[in-house]
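Residue numbers (the working numbering), protein chains in the order written: chain A, 1 to 153; chain B, 1 to 190.
Do not rely on the hints blindly, as some may be mistaken.
[What the hints assert, rightly or not] Computed Cβ-Cβ distance ranges for the label pairs, DEER-style:
1) B:P80 to A:S98: 13 to 23 Å
2) B:W188 to A:E65: 22 to 32 Å
3) A:G131 to B:E24: 29 to 39 Å
[To be verified] To give a feel for the contact side, a few chain A residues facing chain B, derived at Cβ under 10 Å:
4) V6
5) E7
6) H23
7) F35
8) R37
9) L77
10) L79
11) G99
12) G104
13) R108
14) L126
Just so you know, these hints were derived from the structure itself, not from any lab.
The model shown is predicted, which means the values in this text are computed figures rather than measured ones.
Idealized CB from N, CA, C, for every residue including glycine.
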Amino acid sequence: MSWPEVELDPVVRLRALAAALPHAALEEAVIEAPFARVWSFVDDLERGVPQFEGNVKRLHVLRREGERLWLASEAPLGLSFRLEAVLRPGWCVMHTASGSVQIGMAARAEGAGRTRFAHFEGSRWLGRAAGLLFRGFVRRDLAKLARLAEDAG
Amino acid sequence: MSGRDPAEPFAPSPPPPGVDASAEAEAELVRAAQRGDALALASLVDRLAPFVGRICGPIALEHGEDAAQEALIALLRDLPSLREPRALHGWARRIAAREAVRHARAARREAARGTDAVAAALPAPGDPALASDVRRVLGALGAEQRAILVLRDLEGLSEQEAATLLEVELGTVKSRLSRARAAFRRRWSS
Numbered sequence: 001m002s003w004p005e006v007e008l009d010p011v012v013r014l015r016a017l018a019a020a021l022p023h024a025a026l027e028e029a030v031i032e033a034p035f036a037r038v039w040s041f042v043d044d045l046e047r048g049v050p051q052f053e054g055n056v057k058r059l060h061v062l063r064r065e066g067e068r069l070w071l072a073s074e075a076p077l078g079l080s081f082r083l084e085a086v087l088r089p090g091w092c093v094m095h096t097a098s099g100s101v102q103i104g105m106a107a108r109a110e111g112a113g114r115t116r117f118a119h120f121e122g123s124r125w126l127g128r129a130a131g132l133l134f135r136g137f138v139r140r141d142l143a144k145l146a147r148l149a150e151d152a153g
Numbered sequence: 001m002s003g004r005d006p007a008e009p010f011a012p013s014p015p016p017p018g019v020d021a022s023a024e025a026e027a028e029l030v031r032a033a034q035r036g037d038a039l040a041l042a043s044l045v046d047r048l049a050p051f052v053g054r055i056c057g058p059i060a061l062e063h064g065e066d067a068a069q070e071a072l073i074a075l076l077r078d079l080p081s082l083r084e085p086r087a088l089h090g091w092a093r094r095i096a097a098r099e100a101v102r103h104a105r106a107a108r109r110e111a112a113r114g115t116d117a118v119a120a121a122l123p124a125p126g127d128p129a130l131a132s133d134v135r136r137v138l139g140a141l142g143a144e145q146r147a148i149l150v151l152r153d154l155e156g157l158s159e160q161e162a163a164t165l166l167e168v169e170l171g172t173v174k175s176r177l178s179r180a181r182a183a184f185r186r187r188w189s190s
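Excised from the complex, chain A in its bound form (with noise of 0.2 Å):
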């Protein structure tokens, strides 16, 4: 016999994430394109993230230890950023180790040929008051990586 346990998907380990993160914007999307897709730009991290990450210029990583990275990063107005990240297929989280910048990002196959990406970003230094700004640059972020995936089918 077995008994029923739940699953609980990327997306929603993200949601759960983020309460926890009361300066952070959380906003999620559907994208037209499949998971596989969707999730090569995020795990490209060098080449994929900053091309729809638009508070990442650049990302160059340092070390590699299973899931975990230790990564370089170049921001707008030419502020650098150490990040320490945990990655695998349909999550990725990174921060630096004070707290300034905070990023996530998860996503599931939702029907034939869709994903449901979930992304936050936040900063502790901005606190609550940042959090509109945030959410602009999170749709923001959205819309441009569901153009990316669903003109490269």
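Model the placement of chain B on the given structure of chain A, informed by the hints.
What follows is chain B alone, placed relative to chain A:
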């Protein structure tokens, strides 16, 4: 929903993933998460999601996913209120069980009203996909009986711990457990 195969129906389960890590390491993880460390929160989500799913699934059945999602969100949102990080799993178990019972009771009330939506969500009698599954047997029990079975026989809590968690008298737990086990065995063997 997925399944786990215990050796026999009422054997206490092995500890959930993450519990085998040292208690102090986990307490430090909780403290980092309470400070808003995003990667510590991600690690906690990895530990708590299967733990919550294992409790909500057998209690809330078809509504287990909703219950587990709401329980996980409540856990992460209310994490700053957890004063003793070493009590993480007991605290999570209490919130998950209450959320699951709440969902199961709400579903039962809706079913009693005979709404089509809920009726459609419930497993149909004789559904071949469920016929050989324990879900069929659990579905014949009440939410309170499923909760006590899960807490006592799956999670390995004592009767007193289960009584405290469910906020009922010890005698109520004893009688509820006895009836639940008898009903479970009767239906399982039928």
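Interface hint outcome for G104 (chain A) [beta carbon to chain B under 10 Å]: 7 Å, holds
E24 (chain B) and G131 (chain A) - C-beta distance against the hinted 29 to 39 Å: 35 Å Cβ-Cβ, so the 29 to 39 Å window holds.
Cβ distance range 22 to 32 Å for W188 (chain B) and E65 (chain A), holds or violated: The hint (22 to 32 Å, Cβ to Cβ) is violated, given that W188 (chain B) and E65 (chain A) are roughly 46 Å apart.
Agreement of hint R108 (chain A) with chain B interface, Cβ distance less than 10 Å: 13 Å, violated
Chain B contact restraint for F35 (chain A) - C-beta distance below 10 Å: 19 Å, violated
Hint check, L79 (chain A) versus chain B [nearest Cβ-Cβ separation less than 10 Å]: Nearest chain B Cβ about 18 Å off; hint violated.
Restraint outcome when L77 (chain A) is required to lie within 10 Å of chain B by C-beta distance: 22 Å, violated
Hint validity - E7 (chain A) Cβ closer than 10 Å to any chain B Cβ: OK, holds: E7 (chain A) within 10 Å of chain B, min 5 Å.
Beta-carbon spacing of P80 (chain B) to S98 (chain A) - inside the hinted bounds 13 to 23 Å or not: 19 Å, holds
Minimum beta-carbon distance criterion (10 Å), L126 (chain A) to chain B: 12 Å, violated
Chain B contact restraint on G99 (chain A) - CB to CB distance below 10 Å: Result: holds, 6 Å to nearest chain B Cβ.
Interface hint compliance - V6 (chain A) to chain B, C-beta minimum distance less than 10 Å: Interface hint status for V6 (chain A): holds (4 Å vs cutoff 10 Å).
The structure fails hints 2, 7, 8, 9, 10, 13, 14 (numbered hints given earlier, in ascending order).
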